[in-house]
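The whole structure should be built from the sequences, with the hints applied where relevant.
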Amino acid sequence: MQVYFLETGPLQNNVYIIEVKDKAIIIDCGMDFDKVNDFLAKKGLTPVAVLLTHSHFDHSFVAKEFQNMGAKVYIGSIDGEKIKKGDILSKDFGIPSKAFTPDFLLNDGDKIEIEGVTFEVLLTPGHTDGSVCYLTGDTLFSGDTLFSLSIGRTDFPTGNYVDMINSLKRLSKLDQNLKVYPGHGEKTTLGFEVKNNPYMK
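Note that my numbering has the sequence shown beginning at 1, numbered continuously upward.
Among these hints, one or two may not hold up.
To be verified - In silico lysine to aspartate or glutamate, EDC-like type, Cα no more than 20 Å apart, as pairs:
1) K72 to D22
2) K23 to D38
3) K21 to D32
4) K187 to E7
5) K91 to E113
6) K98 to E81
7) K85 to E65
8) K23 to E81
9) K98 to D34
10) K35 to E65
11) K64 to E7
12) K195 to D155
13) K64 to E81
14) K169 to E115
15) K23 to E113
16) K91 to D103
17) K64 to D108
18) K91 to D32
19) K23 to E115
Said to hold, decoys possible - Beta-carbon label-pair distances, calculated as ranges:
20) V162 to T46: 35 to 43 Å
21) V20 to I165: 29 to 37 Å
22) K98 to T46: 17 to 25 Å
23) S150 to F100: 28 to 36 Å
24) I165 to G44: 18 to 26 Å
25) F104 to K42: 27 to 35 Å
26) D92 to V162: 30 to 38 Å
27) Q2 to Y161: 32 to 40 Å
28) G116 to G70: 16 to 24 Å
29) F104 to D34: 36 to 44 Å
30) E113 to P10: 33 to 41 Å
31) K91 to Y161: 21 to 29 Å
32) D38 to K173: 36 to 44 Å
33) M69 to V3: 15 to 23 Å
Calculated directly from the structure, the hints in this document are not laboratory data. All C-beta atoms, glycine included, are put in the ideal place defined by N, C-alpha and C.
See below:
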């Protein structure tokens, strides 16, 4: 599985692109449609799916544009309801809101297959009450739940520190060899975080 990485937007959101033959699965599409779409065009990839870890604008802002291209948008059911209402935190940062309807609302434990790649959905509240991580093979896309040596903020609406710690405890029980691709910052491994991240002790 080939995973590409782009950093986009003023909050330096990580956009991940999984290449499957001539198709692309995007994890958290970010805010810069042109940057991501130009990358896909250069690689000759057609976007078929956008998997969102949560509703915040820096992760989801251009999902509708990819949906208009034919990609299906997936998100956890709780934060999916927020996106339908345009409740994406953007107004707090002086950015106009966007509302649209995702194609698929996911629940904890769901398994979805896209172009032969299977993702397991893990509900990990804390950053938002509907945040999810996506587990596929030896890779965990952790969104704003787990960062390298840190975690996502819990002081935004529906964030909760106790929920975050409980979510981290859940993640800590997974395979320690998992590669972790976070929503911001450098990639890491689960084993390293369990040993060194102060929030996972």
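Practice task
Hints the structure violates: just list their numbers, smallest first.
Solution key: Violated hints: 3, 5, 8, 12, 14, 16, 17, 24, 26 and 29; rest satisfied.
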